[in-house]
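Starting from the given sequences, assemble the full structure and let the hints guide the process.
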Amino acid sequence: MAVKVIIPTPLRQFTGKQASMECSANTVGEALGSLTTNFSELRQHLYTEDGKIRSFVNVYLNDEDIRFLDKEATRTKDGDTISIVPSIAGGSPSQSTQ
Amino acid sequence: MAIQTDTLSKQEVTLSKDEIARYSRHLIMPEVGMDGQLKLKKAKVLMIGTGGLGAPLGLYLAAAGVGRLGLVDFDVVDNSNLQRQVTFTTADVGKPKSEATRERLHGLNPMIDIEAFETRLTSENALDLFRDFDIIVDGTDNFPTRYLVNDACVLLGKPNVYGSIFRFEGQATVFGYPGGPCYRCLYPEPPPPGLVPSCAEGGVLGVLPGIVGSIQAMETIKLILGSGDPLVGRLLLFDALAMRFRELKLHKNPACPICGPNRTITKLIDYEEFCGIRGEEAPAVTNGIPEITPTELKTRLDRGDDLFILDVREPHEYQICHLNGKLIPLGELPRRVSELDSSKEMVVHCRSGKRSADAIQFLQKAGFKKLWNLKGGTLAWSDQVDPSMPKY
Chain A
1 MAVKVIIPTP LRQFTGKQAS MECSANTVGE ALGSLTTNFS ELRQHLYTED GKIRSFVNVY
61 LNDEDIRFLD KEATRTKDGD TISIVPSIAG GSPSQSTQ
Chain B
1 MAIQTDTLSK QEVTLSKDEI ARYSRHLIMP EVGMDGQLKL KKAKVLMIGT GGLGAPLGLY
61 LAAAGVGRLG LVDFDVVDNS NLQRQVTFTT ADVGKPKSEA TRERLHGLNP MIDIEAFETR
121 LTSENALDLF RDFDIIVDGT DNFPTRYLVN DACVLLGKPN VYGSIFRFEG QATVFGYPGG
181 PCYRCLYPEP PPPGLVPSCA EGGVLGVLPG IVGSIQAMET IKLILGSGDP LVGRLLLFDA
241 LAMRFRELKL HKNPACPICG PNRTITKLID YEEFCGIRGE EAPAVTNGIP EITPTELKTR
301 LDRGDDLFIL DVREPHEYQI CHLNGKLIPL GELPRRVSEL DSSKEMVVHC RSGKRSADAI
361 QFLQKAGFKK LWNLKGGTLA WSDQVDPSMP KY
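Going line by line, the protein sequences match chains A and B. Be aware that the first sequence starts at 1, since it is given in the numbering used here, and climbs by one per residue. Be aware that the second sequence starts at 1, since it is given in the numbering used here, and climbs by one per residue.
It should be emphasised that the hints constitute simulated quantities derived from the structure, not laboratory data. Hints are supplied without guarantee of correctness; some may be wrong.
Stated by the list, open to error - Simulated crosslink set (SDA-like; lysine to any residue; CA at most 20 Å straight-line):
#1 A:K17 / B:L333
#2 B:K252 / A:K4
#3 B:K249 / A:D63
#4 B:K95 / B:M111
#5 B:K42 / B:G179
#6 B:K391 / B:R335
#7 A:K4 / B:I320
#8 A:K4 / A:R67
#9 B:K222 / B:P193
#10 B:K42 / B:F74
#11 A:K52 / B:P193
#12 A:K71 / B:A255
#13 B:K249 / A:K17
#14 B:K249 / A:F68
#15 A:K17 / B:R335
#16 B:K252 / A:V57
#17 B:K391 / B:N79
#18 A:K71 / B:L248
Unchecked claim - Examples of chain B residues toward chain A, derived with CB under 7 Å:
#19 F74
#20 D141
#21 S164
#22 I165
#23 R167
#24 E169
#25 E189
#26 P190
#27 P193
#28 F245
#29 L248
#30 K249
#31 K252
#32 S382
#33 S388
#34 Y392
What the hints assert, rightly or not - A few chain A residues that face chain B, going by a derived Cβ cut-off under 8 Å, partial list only:
#35 P10
#36 Q13
#37 T15
#38 I53
#39 F56
#40 N58
Every value quoted in this text rests on a predicted model; they were computed, and no experiment measured them. Think of the CB as a built atom: it goes at the ideal place given N, C-alpha and C, for glycine as much as any other residue.
Written out as structure tokens, the structure is:
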């Protein structure tokens, strides 16, 4: 199944500025696996050391949060879009930049 | 439904002739009309943060005639704010933001009450501050305050109009609406400090907070009027470079620790600790990281010591100013470490000293021994050695 993974701005520095990636996957987990195989630096930002998706990163299949579907086992179909949506805090970033 | 409960004024509220003239473009549209304008006049909105998001928010809420506006900010106006915080003028630099915003909004609409709270929002003062207002609008810039605003809103049952930005991407939604999800339903926990790129990847396109803050203003006004479909249960994502809006579904999480049926959080907590900020930064600077001050470095360079300077900032920062060091951005260090010679004495620097401390911790693990962190980075170099070096 050909799916598209959308990479959010804060993580694009680990994908050579690439904003999305097309891949073939039967589940959301497979698509994310394919993404982190291509961009290995991304792995530690998406997964904890024991391989769970980090709790400040949400993954959506189309417009639905996979936590409310079958999580990473959620089946994909042709043309689906997977979005990675990390929490961002900025409003006036002058104070948080170092 | 309109968000008006205990704060709905008992006495008759009317509009003066001047107010009717001022709000005439609202009054002639059926979606607002006299009833709507009176709801606006009776409404009390508390803005957390008067920076980039707070600027359009404050201007539009004041212009629309929201009867009482509270402004919470402890910060002062800095030169670097003027690129996006359009409530301020150059003459405001150095003034408290809450007071400068109050003056600006009062100039725009002297018919409303505006109160400046020049204070940092804390677990001690949040509930008391929020209690007097109907709607809280979150325009802050850090995770501890985001969780604090969320929890205080959930505990008091007040809606939280949320907006957040990063470089050229924004998020907006309404949390804490009756029956709707809260911030913890979306993100149960904050990222640990340092993992999400914030330093090197910082910055924001100046117009972005203008757009996201305007969306927050629109949602606030809709909540007051009780009209339209509020942005509840939906997360609006905005990518300014692609100029694309997307919408994702937000669900109330049954396992949410503060708004779920089996909640474990029943009062405000220590949010700095929750976000891992305490105890994380202190060791980063003191724990076995040798420091060199800009003055000491200057002395050693002047006498011809063989020091290798490693700059771990980003290339676009190098363009602003540099110390003739070798540039390897912190994020690239692991795969480019072989370019460095561990036999040489090395001074590592960034803008403020934080990223370079992280770099040194990494290099120490990789076996490097002769390392110095430039204390205070290029900022301190500008203060102590070369005032002509730009600060950013």
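Which numbered hints are broken by the structure, listed smallest first? 2, 4, 5, 6, 7, 9, 10, 13, 19, 27, 28, 31, 32, 33, 34, 37 and 38
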